[in-house]
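Colleague: Protein sequences appear in the order of chains U and W. Position 141 of the first sequence, counted from 1, bears residue number 141 in the UniProt record's numbering, the numbering being contiguous throughout. Position 317 of the second sequence, counted from 1, bears residue number 317 in the UniProt record's numbering, the numbering being contiguous throughout.
Check before you lean on any hint, since a few could be wrong.
The list treats identical chains as one, so a pair stands whether inside a single copy or across any two.
[To be verified] Only pairs whose alpha carbons sit at most 25 Å apart, straight line, appear in this in silico SDA-like list of lysine to any residue: (1) K25 <-> G314; (2) K25 <-> R243; (3) K308 <-> L204; (4) K186 <-> D114; (5) K25 <-> L315; (6) K25 <-> G39; (7) K25 <-> P313; (8) K25 <-> A240.
What the hints contain is simulated information worked out from the structure, not anything from laboratory work.
The primary structure of each chain is shown beneath.
Protein chains: 2
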Amino acid sequence: MNLTRQPSPAAVYNPRMLSEFDLIKQFFRRDRPGRATLGIGDDCALLTPTPGRQLAISSDMLVEDRHFFAGADPFMLGHKALAVNLSDLAAMGAQPVAFTLALALPAADPAWLDGFSRGLFALADACGCELVGGDTTRGPLNICITVFGELVPGHALRRDAARVGDDIWISGTLGDARLALAGYWKELALSPDDQQAAAQRMHLPSPRVALGLALAAQPVAHAALDISDGLVGDLGHILAASRVGATLDVDALPAGPVLARQDRGLRRRFTAAGGDDYELCFTAPVANREKVLEAGRASGTAVTRVGKIDAEPGLRLVDSDGAALDLRLSGWDHFS
Amino acid sequence: MNLTRQPSPAAVYNPRMLSEFDLIKQFFRRDRPGRATLGIGDDCALLTPTPGRQLAISSDMLVEDRHFFAGADPFMLGHKALAVNLSDLAAMGAQPVAFTLALALPAADPAWLDGFSRGLFALADACGCELVGGDTTRGPLNICITVFGELVPGHALRRDAARVGDDIWISGTLGDARLALAGYWKELALSPDDQQAAAQRMHLPSPRVALGLALAAQPVAHAALDISDGLVGDLGHILAASRVGATLDVDALPAGPVLARQDRGLRRRFTAAGGDDYELCFTAPVANREKVLEAGRASGTAVTRVGKIDAEPGLRLVDSDGAALDLRLSGWDHFS
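Okay, chain U solo, but in the shape it has when bound (with noise of 0.2 Å):
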């Protein structure tokens, strides 16, 4: 319901004006077989719970000019609001199987909606992730979206799952997301090529869903989360739920491909501490650097080796000797 306006009597026909049911109808809704045994356009959506699997459940909120710029582009945006959740599945290990969107839209524009639903989906096939529900409804731009998984029971990669001992491994490179702002806020000059092919790994992650999935098999990995924050903010979050501490070798984080061209100051930073990675950081045991080797290959992700769990609390950053930095990083804070 809608305080601010009276409803109205049907407006004239027009191609650029969609009803709210228009709207689901034309860009949301799809005529094909899916997994949910009752989809969009009833009061809830059903889905039937394969037996014996728990439920993986995350909701991600994206709203304008906090976590995208005005303007965005919409395809990419589409895929973003979902893989951003899909990289929360990824880090319990959780195979994705629906989610519901929740979009307040400034208008019902048809070239957005039509840019958006194709970003989303051609994500959300990509991953069997079904869109079964939501709801629409005119504000600020506001991207809200809730995603399920499965996964058998006692396979969950954790937060407080990492062991004194264990390795520390990221997935896929870091950095490029966090270099692709500097240059859009002018901290620094990149090339039209370079600043580009950052932004594409700001604008577009890749959700790491397979090497999740690979990791939580057995289970191959003890801890693991996605790095959204930064690695060194976010990494903080599993010594603190397992009561650990950890050693992390900085310059063994692997920058993208951009950022590593860039120069060492830079690419300590930004790979520590970056942001909009959306790669995966997981502990194991040292016996299953063979198996974490192998997931990844089977995956095709790559996964790098950059730390220890320690008994000892806080985490302490070294360089390729072992020497301690003295980096002054911190995550990032949405109320700080």
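With chain U fixed as given, assemble chain W onto it according to the hints.
Modeller: Same frame as chain U, now just chain W:
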């Protein structure tokens, strides 16, 4: 991650400045055993579904100045944000289990968060629905809740299940929320007492969870939905999905206690197409009349028979003598 501000070093301690993590810990994390296998604090929440049950999922987004007034009382807002979602579960006949909360806030105001979280949890606890995860970010005030319920396969009260000859029933009373809005909008003048009484219905709707469960058992009812955008528009969804028509006795519609004292024209308009009612509209076979009344008694919810499902398409509004009424009503559309 935050595009518009750079990460800042730890600020000087200020009790009115809350970090994102403090905010969640202080207002939303509760140290009590719950239904979830893993709750707030990891990448995903983990739920273990009840064997043999289906999962019902619904998502609603509430936007300031659209679904509630700027400056709305935070306790009532916390109640209402969850109530509108529980109302969707009620309309399917599902048992509430858990929910996620994504919250965009202009600022982390402890007084607001205290009221909001108290209103939210008062209703959550009353319905046995556990907060298992979510997201907080800075942005224009936006509340997105996704709720999960469980039901016996085949017992869901779907919109497409109305049958020709079914009675149409309404829970509770209609129109007082719309009357309160008319008072706010100065469409009419209510006494302060009447305005306040009507506003209670607008701000603190009671989701009809117990009635929904009673109607889905056996099942007693065929089709159901919750009335959020006005009865006439919402009943239209049942008619379209079930490919049937209906005759509605507008004078039989149960008006809220304040609206019941207004003139007949206003009663008819606001009961038939008020909006923000969060009552159930459901259909049931004539043979189940006694069972419907018993479901109402068992759940402590008034139920009123207001019409009939017809084979002839379309919705016919009639008065208490069965004469056709032309009321020119329409439902809410957030994008019209």
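Colleague: Quick one: K25 to L315, C-alpha cut-off 25 Å, is that within a copy, between copies, both, or neither?
Modeller: between (50 Å within a copy, 22 Å between copies)
Colleague: When no copy is named, should K25 and R243 be tagged within, between, both, or neither for a Cα gap of at most 25 Å?
Modeller: between (49 Å within a copy, 18 Å between copies)
Colleague: Up to 25 Å between alpha-carbons, please classify K186 paired with D114: within, between, both or neither.
Modeller: neither (31 Å within a copy, 40 Å between copies)
Colleague: Check K25 against P313 for me: Cα-Cα at most 25 Å, and say if that holds within a copy, between copies, both or neither.
Modeller: Between copies only: 21 Å across chains, 53 Å inside a chain, cut-off 25 Å.
Colleague: Check K25 against G314 for me: Cα-Cα at most 25 Å, and say if that holds within a copy, between copies, both or neither.
Modeller: between (52 Å within a copy, 21 Å between copies)
Colleague: What label fits K308 with L204 when the C-alpha limit is 25 Å: within, between, both, or neither?
Modeller: neither (30 Å within a copy, 52 Å between copies)
Colleague: Checking an output row: K25 and G39, CA cutoff 25 Å. Within, between, both or neither?
Modeller: within (12 Å within a copy, 34 Å between copies)
Colleague: Within a copy, between copies, both or neither: where do K25 and A240 come within 25 Å Cα-Cα?
Modeller: between (46 Å within a copy, 14 Å between copies)
Hint check: violations occur at hints 3, 4; the rest are consistent with the structure.
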